[in-house]
Structures are given as structure tokens and as C-alpha cells.
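Below are the chains, spelled out letter by letter.
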Amino acid sequence: MKILVCLSKAPDTTSKVAFTDNDSKFLEDKVTWIVNPYDEWYALVRALELKETLGGTVTTISVGGADYEPIIRKAFAIGADDGVRIDLVANDASVVAEQIAAYAQDKGFDLILCGKETIDYNGSQVGSLLSAALDLPYISLATKLTINGTLAEVDREIEGGKEICEVSLPALISCQKGMAEARIPNMKGIMAARTKPLQVVAPVESASLTEVVKFELPAAKKGCHYLTADQMDELVRLLHEEAKVI
Amino acid sequence: MSSILVFIESQNNQIKKASLEALTYARAHANAANTSVFALADGHLSSEVLSQLGQYGADKIITLTDDRLNNFDSKAYAYMIAEVAKTNACDVVVISYNICGKAIAGRVAKLLNAGLVAGAIDTPDTSNGFVVKKGVFSGKAFAYVRINTNNKVIALTPNAYKTEACPKAGAIEAGNLNVPAEQFSVKVKDTQRSSGKIPLTEAELVVSGGRGLKGPENWGMLEETAQLLNAATACSRAVADVHWRPHEEHVGQTGITIRPNLYIAVGISGAIQHLAGVNQSKTIVVINTDKEAPFFSAADYGIVGDAFEVVPKLNAAIKKFKGQ
Ligand SMILES: Cc1cc2nc3c(=O)[nH]c(=O)nc-3n(C[C@H](O)[C@H](O)[C@H](O)COP(=O)(O)OP(=O)(O)OC[C@H]3O[C@@H](n4cnc5c(N)ncnc54)[C@H](O)[C@@H]3O)c2cc1C
Ligand SMILES: Nc1ncnc2c1ncn2[C@@H]1O[C@H](COP(=O)(O)O)[C@@H](O)[C@H]1O
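Going line by line, the protein sequences match chains A and B.
FYI, my numbering numbers position 96 of the first sequence as 96, with every residue one higher than the one before it.
Numbers in my numbering are just positions in the second sequence, counted from 1, shifted up by 246.
None of these hints come from the bench; they were simulated from the model.
Possibly wrong hints are sitting among the right ones.
[Unchecked claim] Chain A is faced by these chain B residues, among others (derived, beta-carbon under 7 Å):
#1 Val377
#2 Lys386
#3 Ala545
No residue lacks a Cβ here, since even glycine has one placed at the ideal position from N, Cα and C.
Only chain B is shown next, with the shape it has when bound in the complex (with noise of 0.2 Å):
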């Protein structure tokens, strides 16, 4: 009987949320299948953070403990989760479609002969086949895509997917793949994070400006927001462009694709490039001076007015709703 293969990521000593995604997704894929879950993590995690995988349905916890995995490495990933796969006879594997799963997606379905499906939003379909879902033309549209394999790689849209609990025994299984020195193939020299700030493709609230707000000075009503929310900030290309905010909060078509549950767009026009990156995203909310402004064709919310005003008032409001 084959099981699933999760492979989990995880960043000082937690587990990131993309791969709980793809952990409750595969249970509920084992539950409609009948079949068990096993989980792929890093051995220097604490059994207590372990714990927390049985807890979003792994029947088993497989863990490496290899420092040189500490640096990211695609081939040497890849290779790691494909010998995992087959000796625990998985011929499913799930990862997120994150950073790091974008790079070892490909790879993994390579080494298992397995058709791939990038960019998954909904479980797989078994009644004709195996068919899953995803989003292609940049949100514009869906595909049912079936694969042909025996073995198949899913890559979950981070924010696709929501967590559940769903406890099951997790056992945690030192396994005992050596990988061979000759997968590492990458050195990284220097790791530079914005501290403190959460990822954007990992966000669930986002709040994002555009050249309506006239220059950079005038982020802090933004930020105040984001920080009220717990969001994260987000803005338009022209506005990376004159280096009014850093190039990687820049959302679109040649930026980052985002599909948060809520969405707030000030000062933004709603060109298509723009949509093309947010227009997944649960709720959005426009402010604009412009009725006309194409944004809110895409809007679920919709306040036609200046931004100077309009924020500092939506700040006071959920200040009264957090209490504070």
C-alpha cells in the first residue's frame, strides 16, 4: 500500500506555515484515499515542534539530521526527498509551491518518473483518473490537469489550502539516508533577511500602496495599518521602480503572485500587470480617488476617495474593533 510523502521546510526551529498547508492537504487526501501520511523533517527540529505535524495528520515523521542540509540546495533537496519516497514507498509527494518548492518540484518529479502538478489549489479529483486543479494565466483562469503517472508530485499554492488539525499518531523515525556528497552543489555564502517582517507570499493580510500616495514619506499611515492588522506591506511596480519601497514588496505580473485573504490596495491603479499578481486574493479592498480607476472592477470593497483621508480613519476603525 503506498502513502504520501509531505516534505516539510522549516526556519528557526518552526515549521512554516506553507508546509502545514501541504501536510493538512495530504491528509485529507489519505482520508479520501485511504491511505497514510508521512512526514519528511529537518532532525534538528525539537520533538515538541515535531509533535505538532502529528497533530496536522502524520501517521509518521521521518526526520534527516545533516547539518549540510542547513543550506538550501535543490539537487541535494531533491535527491533527499526522492530516495525518501521510494524506500518508504510513497508514490505521492507533496511540498509547498513556495520559494524552495519551485526550485525542487521539478527536480523531485524528474528522479521518480512523476508527472507534476505546479501551483495545485484544491485536492486532487480520483473519480476519472487523477486530476488536479490550478490556477494558470496568472489568475485568470483554472486548469484540471490529470496526471499519468504512478508517481505524482503535487506543489500546493502557499494560502491555498487552510490548516486543520487532525491527530494522528506521528511517530518520529530517525531515518537514514546518507546523501552523498557529490548532490551538494550550491555554497551559500551570506543569508540577508529582512528581520521581523513577515514573508509576503506567506501573508494572510495585506496591505499595499501605489504612486497614489506621492512619495515615500508617506508610508507610515500604510505601515500603521499593516501593523494593526498584523499584514504585511505590499506596493506596485512603479512604486519599486522609483525605489519609493524595496524592490521584493513589488506585487504583479513581474513581481511576486500573492493570494491573500484580504487585499488592500491604496493608490493603486489596477493596471493588468498589477492585478495579474493579487487578483487571487480573497477580499480585496480599493481606495482611489478615481471611480473610474480599473481597480475596482477586480474590488470586493470599494472606497472612492482621497488616501490622506480614507486611511487615517480606517486606522482609528480598527483600532476601536482591536479595542485599543
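So that you can see chain A by itself, here it is in the shape it has in the complex (with noise of 0.2 Å):
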């Protein structure tokens, strides 16, 4: 089983979200980076049980510039056995997607894994992006999945419930919660992540379709209005009202 998974980095939720550059770029100065949750802990994880009964490898690959290295090497303390950096800042999806597709097409993964969604842009659109470009079935949002020979089989989420399908490999998956429970690295795994071979690749040529003009941050809420709990005919009536929401 050769899996390859798809680790972005992302914003840790605490950072503080400001603009700079008239509010053109996203200030960076203060934010703690992370890997991508819904890589680490359900992509990356699931990747490696099944590597684990199955036997295999687990490839991990990311593009973006020489920040990602402790990224990367924090999927090799996990458990990961390399990884692959494709050297390209990108900020369209579309690149992403293009960037690892020609860097998979002819290593004859089995499976590809990445994540819900980047929790900084909010796209979940890489997934879906690159199962096109490698022309693989793609299940997104999957919550469990196991491989049964040449057959994944999948519960993905759908609306008010749960689907439970099955595709031939190779194929892509978004993983999402339910899928793994994260893991901790160990001291053993810290110290052989330091010596596994991270691959840092040229990236090809690709176009980015789209650009962020400007970003804006969200009007402060007027602040909140108070009530008691002998009040709940009148907030009933500002929710009716003044929210009109009911």
C-alpha cells in the first residue's frame, strides 16, 4: 500500500487575524503555525494504522516554502516515513492541486489522503482540485475507511446523516473527524524524524486563476444586550422584532 498524504499548514486558531499591505496580505508576524488538524490528526493517523496492518509506506507532500520544514518534520516524528516539498508559495488552490498532481502522476500511489478543509482559507476545494487532475473517484468528507484488497470502502457525511460507499483504487479521500484519533509523538519518533528524507522539489509551471484583493475584517458586534430570566417575553419579542429572526 503506498499512500500519499496531503499536509498543508494552517494558522493555530488562537492567532490573531490582521491585514497588512492595505489589507492585501495576512500579517503573519504573530501566528503560530501548525499542521492542518484535519491532516494531522485524521489523515496522517488513518494513513498510518493502515500502513500498519497492511504493511506500505506513507509519503506525506506539501507545497509551500522552506516554513513548512517543521511541518513536515512533525508528520516524520508521527510516524510518517518521508515527505515531499514541492517549493512554490501558492495561494490559489488551483496551483496546489496542480503542483501535487504532477508530482503523483506516475508514482503509482494507491491512495491519496488529504484534509476537510485548510482551516485558514476555508476551501475544501484541493481535494476535489486534484481528483480531477489525476482524473481519481474522490469521497470527500469521509468519517471511516477501510481497505478491503483493491476496494476502499467509505462512510462519508451527507446532509442530517451518513452514506456508506465503496470505490476501486487508487482513489482520493478528504478525511474528516471520526476517521482516527490523533496521536502524540513519542521521543523515539522525535528523534528519527530528524534523519528521514524530506524531498524538496521544483515546482512546474502553473497559473493561479485567482487573487485575494483585499481582506476585511468583520464589523465588531454592537456589544451584547443583557436580559434576566424574567425577561424572556421581551427577549422572545427583540428576536421577533428587533433580530427578526423568529
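Make the complex out of the two chains shown on their own, each in a separate frame, by following the hints.
Here is the structure:
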């Protein structure tokens, strides 16, 4: 089983969101970067579990600059065998997908896993774009994945429930909660991470199809209107007449 | 003259609200850009149901009747949408950014060499290029994204754009696309839906509970609130983790993101990871014993008080309001 896991970095949720250069750029000064939680907790860990039962390798792939190094090493510490970094700072999901596709197309991966979404731009698009670029079956928002010979059996989220599906490998699957339990790297993993191979690959030519012209922060809330437990009639009136939501 | 194509999702012979929102959105853009709107829908729908699409602004309704499409398959669906867009000279495709839309938007975009905005919340501004507003950083900011390609795909965030009737001809035309067998890649073996429940992502009103409710046996009063308001129920991760509530109710950074008109949070502290999933709600009501609970800073209305006292009083007030 040759598994590829798409690994993205993301700002820690507690990071302050602020912009610079006329609100055209995300201010990264005080941001702590983490491995995108969906990629780490679900895609990577499930890939490792599959490798542990079926044998094979788990390779990570990231499209990004040198600051990706600690992110990839963390994945190594958790258990990935090796990693690829495509040396390009991309800000368009289609570029990320093109780059990963160019690398993965002739490497014979049986399974490609990505996360549900990155928590910064919340696109949930790289998986869908990549599946088209590689012409692979794509199951998104998977909560369970087992491999049965050349078939992947997958539970996926649907509105108000779930669906149990089957696809032939190779396939691409986006992972979310339910898929696996997060793992914490142990000392042995952390030591081994330093020497695992991290290959840096030059990007292929690809064009951005979109660009962010401007960021904007939401208007500040006008403050909380406090009521007491005995003013529930008043609350209902406010929700009806002022907020107009009921 | 190129047109706009809207992909219409349906279930149980009903058009999804999210798709009517996408249609309303496309109509608004078409009116501004002086072009027409085509809706692509399942040919199994009755003509009465399909006529609703004309009511909401479709100039033409293209139907495809293919039993193989009864099961959702992102590859086959994306192929179908892209092909219909091509044959009908549509350069803008609008779909809902719901569960199905998340799986297909990128695929459709790739097949059409189109730039994509996933999670749009407002109609395109075409005064300087084609710029669409979307939410980023888990609701903590917005981005204005310019699409630089001729073809464009917009995936519209559910509950971000209000449906509005705008009657148009809505002529029904059976499409003649035959999706090749190799486009079908997913076999659906079983579908399990909690029946009778409003899907959380589509709900306009949501009542949500946290650890402050002390145990699963205390959810009865919240379910009553939800029932009185015709709302969906949700919960914090802490609650789903200890199995007081089913996982599909878990909202937040690692759960579902919602943007209902009203979010009532009972006994939830308002941790940043929870807020990430709900802070785009139009109106937030917080009920919490702790006046320092962080949720109050995100609230529009707040009650510092014990849920076990406040919620029954709220339910009584709603009953009175609804005249029961
Ligand atoms: C990486 C990461 C991701 C996470 N993702 C999510 C996520 O997606 N969603 C999520 O919800 N959480 C998430 N969390 C967890 C989050 O940080 C909080 O721990 C969690 O939201 C707390 O749940 P809670 O508010 O129900 O419980 P608590 O924090 O225990 O709060 C209970 C609240 O109830 C109040 N209370 C107590 N008794 C009463 C009463 N009788 N009446 C009224 N109020 C009462 C208390 O004052 C308190 O504010 C995540 C955490 C991490 C680290
Ligand atoms: N720069 C990147 N490098 C590698 N994988 C990525 C990158 N960006 C996104 N991904 C993968 O695609 C998934 C969805 O990302 P997104 O479309 O940005 O929400 C993430 O969870 C990752 O698995």
C-alpha cells in the first residue's frame, strides 16, 4: 500500500487575524503555525494505521516554502516515512492541486488522503481539484475508511446522516473527524524525524486563476444586550421585532 | 451571449433550499449582467416541482433523467455539470457550497479551466474585474477574490443569500447528455439519515447545548425549544466527545460550520474553536451562569443565569408568542 498524504500548515486558531499592505496580505508576524488539524489528526493517522495493518509506505506532500520544514518533521515524528515539499508559495487552491498532481501522477500511489479543509482559507477545494487533475474517484468528508483488497470502503457525511460507499483504488479521499484518533509523537519518533528523507522538488509551471484583492474584518458586534431570566417574553419580542429572526 | 448555469440538488422530490439560494443568487447576478439563467435539475422531479425553478428566476430548466445519478458520485456529477455548461455556453456556474458542492466545485472548475470561489457570500462585483466576497479564517475575516479566467465557478455558502422569487419563463428542456459509464466511480451501499430532522447546515434556527447542561438526560428542554421554534439542535465538541449527543451535532472548528439566522447557546463557554463554527450566525443568544464566559462577547443577547431556570422560562415565552 503506497499512501500519499497532503499536508498543509495552518495558523493556530487562537492566532490573531490581522492584515497588512492595504489589507491585501495576511499578517503572519505573530502567527503560530500548526499542521492543519484535519491533515494531521485524521488523514495522516489513518494512513499510518493502514500501513501498520497492510504494510507499505506513507509519504507526505506539501506545496510551500521553507517554513514548511517543522510541519513536515512533525508528520515524520508521528510516523510518516518520507516527505516531499514542492518549493512554491501558492495562494490559489488550483495551483496547489496542479503541483501535487504533477508530482503524483507517475508515482503509483494506491491511495491519496487529504484533509477536509485548511482552517485558514477554508476552501475544501484542493481535494476536489486534485481528483480532477489526476482523474481519480473522489470521496469527500469521509469519517471512516477501510481497505479491502483493491477496494476502499468509506463512510461519508451527507446532510443529516451518512452514506456507506465503495470505490476502486487508486482513489482520493478527504478526511474528517471520526477517521482516526489524534496521535502524540513520542521521543523515539521525534529522534527518528530528524533523519527521515525530506525531498525538495522544484515546482512545475502553473498559473493562479484567482487572487485575493482585499481582506476585511467583520464589523464589530454592537455589544451584548443583557436580559434576566424573568425577561423571556421581552427576549422573544426582541428576536421577533428587532433581530427579525423568529 | 453566455449564460449562467445553476446546479440544482433535490431530495425526496423536493428542491433543496440551498439550491434555491444558489438560483436566487444567480438571478441577481444575471439581472446585473443582463444575461440569462439556466437551471440543471434531475429529470425525475415532477413538473410542478420543476416549475418552482422558474419562480425563482430560471429562464430555462435543463433536465437529465438518469437512474445512475440517483447516487452521488463527484466524478459523474462534475462531468455532467461541466458538459451541460459547455453545450449551453454558460461561462459562470453556481452551485451550493454544501456537502455535495464541496465535493464537486473543484472538479467542475478543473474541467472548465475555471477559477473558483468556494464559500461565496455575496454577488460578484464586476466594476473592476469579477470579484466575489467569501468568508476566511473560520469566520474571523472576509476575502474579496478576483477570478481571472473566462469561465468561473462560484460555490455559494448556505444561508448566506436569502431566497427570493423572481418569476421567469422556466421552460423545461430535456437534456440529451449521456454520461459515459467510466465517469461513474462510486458505489453507494447504504444511506443512513436521521429521519424527520432538519439538517444542521440548512437550519435557519439552531439551539445548542454544552457541558453546562450536566448530562444527556437534560437535553429534553433544549429539544423542546428546538421543536417550538422548528429549529435544529447542535452541541459543543466537549459534549459530543463524551457521547451525550451524536457527533453530527458537533459544531466548531473540528465539527460543522453553520451560519443560521439564530444560534441559541446554552451552557457553552464559547471557546475560540467553538466560535469558529458559529460566529457567522446572524443573531446569537447566550445563556450561561458565568458572566465572564467568553461567549458573551460574541453574543447579541445574553442571559447570565442557570439554564435549568432560564430555558423553561424561554420555552414558556415562545409558547405564548406562538399562541399555544
Ligand atoms: C484543536 C481544538 C479543536 C477544537 N474544536 C472544537 C470544536 O469544533 N467545537 C467545540 O465546541 N469545541 C472544540 N474544541 C474544544 C473547546 O476548546 C472547548 O473545550 C469546548 O468547546 C468546551 O465545551 P463546553 O463549552 O460545552 O464546555 P465547558 O468549557 O466546560 O463550558 C461549560 C459552560 O457551561 C456553563 N455552565 C455551567 N453550568 C451551567 C448552568 N447550569 N447553566 C448555564 N450555564 C452553565 C459554564 O459557565 C461554562 O461556561 C477544540 C479544542 C481544540 C484544542
Ligand atoms: N499547500 C498545501 N500543500 C499540501 N496540501 C495541501 C495544501 N493546501 C491544502 N492541502 C490539502 O488539501 C486539503 C484541503 O485544503 P483546502 O482546499 O485549502 O481547504 C487540506 O486539508 C490538505 O490536505
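Legend entry - List of violated hint numbers, smallest to largest: Violated hints: none at all, because every hint is consistent with the structure.
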